[in-house]
Amino acid sequence: MDNEARKEARDFGRRAEEQTAAWLEKRGYTILERNYRTRESEADIVARFGDTLAFIEVKARSSAAYGLAREAVTPRKQARVVHAARSWLYEHGMLDEPVRFDVVEVYPGRIRHIRNAFEAPAEAA
Amino acid sequence: MFARVMSYGLDGVEPFEVTVEVNYTGGVPSFDLVGLPDTAVKESKDRVRSALANSGLRLTPGRVTVNLGPASVRKCGSLYDLPIALAMMVGSGQMEPEAVNGMMFVGELALDGTLRQAPGALSGALFARERLAAALVLPADNAREVACVDRVPLLAASSLRQVVDHLTSRARIEPLVPVPYESLRAAAPSAHDLRHVRGQYEAKRALEIMAAGGHNLLMIGPPGSGKTMLARCLPGILPDMSFEEALEVTRIHSAAGELRAGGAMLTERPFRAPHHSASAVSLVGGGRDASPGEITFAHHGVLFLDELPEYSSHALETLRQPLEDGFVSVTRARAHRVYPSRVMLAAAMNPCKCGYHGEEGGRCKCPPGDVQRYRARVSGPLLNRIDMRVRVGAVHVEDLSSAAPPAESSEAVRQRVQAARDRQRKRYAGSGIFTNAQLDSSMIGKLCPMSADADELLLAAAARYSLTPRPYFRIIKVSRTIADLAGSDLIGEEHVAEAVRYRMLDEAR
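Note that the protein sequences, when read in sequence, are chains X and R.
Numbering of the first sequence is given in the working numbering, commencing with residue 1 and proceeding in unit increments.
Numbering of the second sequence is given in the working numbering, commencing with residue 1 and proceeding in unit increments.
No lab work stands behind these hints, which were simulated from the structure alone.
Values in this document were obtained by computation on a predicted structure and should not be read as measured data.
Keep in mind that the hints are not guaranteed to be accurate.
Here are the simulated lysine-lysine pairs, DSSO-like style, with alpha carbons at most 27 Å apart [to be verified]:
# : chain 1 : residue 1 : chain 2 : residue 2
1 : R       : K426      : R       : K446
2 : X       : K77       : R       : K45
3 : R       : K42       : X       : K77
Given only the sequences and the hints, what does the whole structure look like? Please build it.
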């Protein structure tokens, strides 16, 4: 992938995130933060809905030819979002608030919101 | 929020109380299950979640910790899906804690929320009664198994949704109406009937004595003489199981998950015929969890060992103690359990490797010495515990012809057996034993009065065969049964003579 294609892909993702944020706000979500990053983790959107905090992972696809968008949210990706969430909650002193992890799939002309898409892996072995 | 729901676990056959606790808080959603769960219990997380979702019961996300107490005892199996699901409902505030108060729950959940049969439900129902539980909620597949248990409300449900609707007073589940044990004992005819076995009068007589007194029997004969078929007729001539016996037997089979789905309480005596490749562990019990073996599954019934010399000698020797004591204690690193093993042992073997030793016409082609070697595979101490041996000869062709008189039916034999058993039950009332085979030597003098002739014959036999105490007393017990079949309180000479003949078959040849 050359630089040109890489940039194109990033813009495509960025546009999907903007589209999603607008879509969520229309549905009563308050966007608290976009593209929250720590050194080793990131969360696309942090939003509040009622008394619940939602950490939202946005995945865009120009077609379903290469599998569903939500399938791209691998366990490793999930762990990164969980890590980011813990760090965000800690920074904001909100560790005991009700939390949710969502995935939003963006296809051309269609958005699908999966609430409670995943959770933190069990701590005990 | 914190929630607690009661359930039970099984230590072998014995139930113990298990408390399912759930703590539900906000924060990063996660699910932890603690309290020494085994793999099946750990996997209940996915079953519970899917079952809740597919029952239209949506959970608010949160940090969930599930604890199964007491934390020091290992929890096995999938019995806790239902209590965990309900505790999560209460913990997440979707159900009142009072809804589950004082009740016990058990059952495995399918992904769609259907309840699946739980092992050990009969033990659990009796346990719930003993603990004065407000009710036990169990899967509908277990309803027939616990049908006879009274004095405790038992609620059989087919799905999680049904349980939740009951607890939230949306739709009631009516408690099961207890059924009397007698009504379960529908005379299901045994698949094998003595009527179809022509000839073999001596062997049939021996089976009848065995069934009447609870003795052990070894049948020796050439291939194709009908030993296996005769043994398979045993269930049809055995006396009815009492309610207490049926409870014991059903609890064992249920706890081991051996009851078929929707199966009723067992009313027929077990008949277990493990193949001769069976290991010692599979016969007497063992394995990591000290699970019961065939001899325990045959408790109050028959353990049939076909082709006796083909079993590994180690496997056979391990049977000695449980055969003698009527119980077996299985000890492993993780568990120690005592299981009952009061069985009638029926065994069958060929007289030699080719199978024809002792038959007319000198058909046996075994070289000298091979016959002894073949028989020596069954050890003396094991043979010592077999009260009766009987020769099952090749079938005579005239017995097979349609002109031969029809053979007696199993039912006719069973009635004589039952009458003899009733005499024993009356005689031993209050002594803790039920059959002549269970007599110990201290009771024999008092309960087995003998005629002078009988006494003399027995002493003569003891001298001639140099009998040690064990066979001596075993002969008396078999004579006692033969006298009971004849309806006689006094053991006569002919009764002793017959018993000695069964005992001494080998020595006589």
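Cross-check of the supplied hints:
1. Of the pairs offered as hints, the one joining R/K426 and R/K446 holds, with about 15 Å between alpha carbons and a cut-off of 27 Å not exceeded.
2. Distance restraint check for X/K77 and R/K45: the Cα-Cα separation of roughly 22 Å lies within the 27 Å cut-off, and the hinted pair is therefore satisfied.
3. Between the alpha carbons of R/K42 and X/K77 the distance comes to roughly 24 Å, so the proposed pair stays at or under 27 Å and holds.
Violation of the numbered hints given earlier is absent; every hint is satisfied by the structure.
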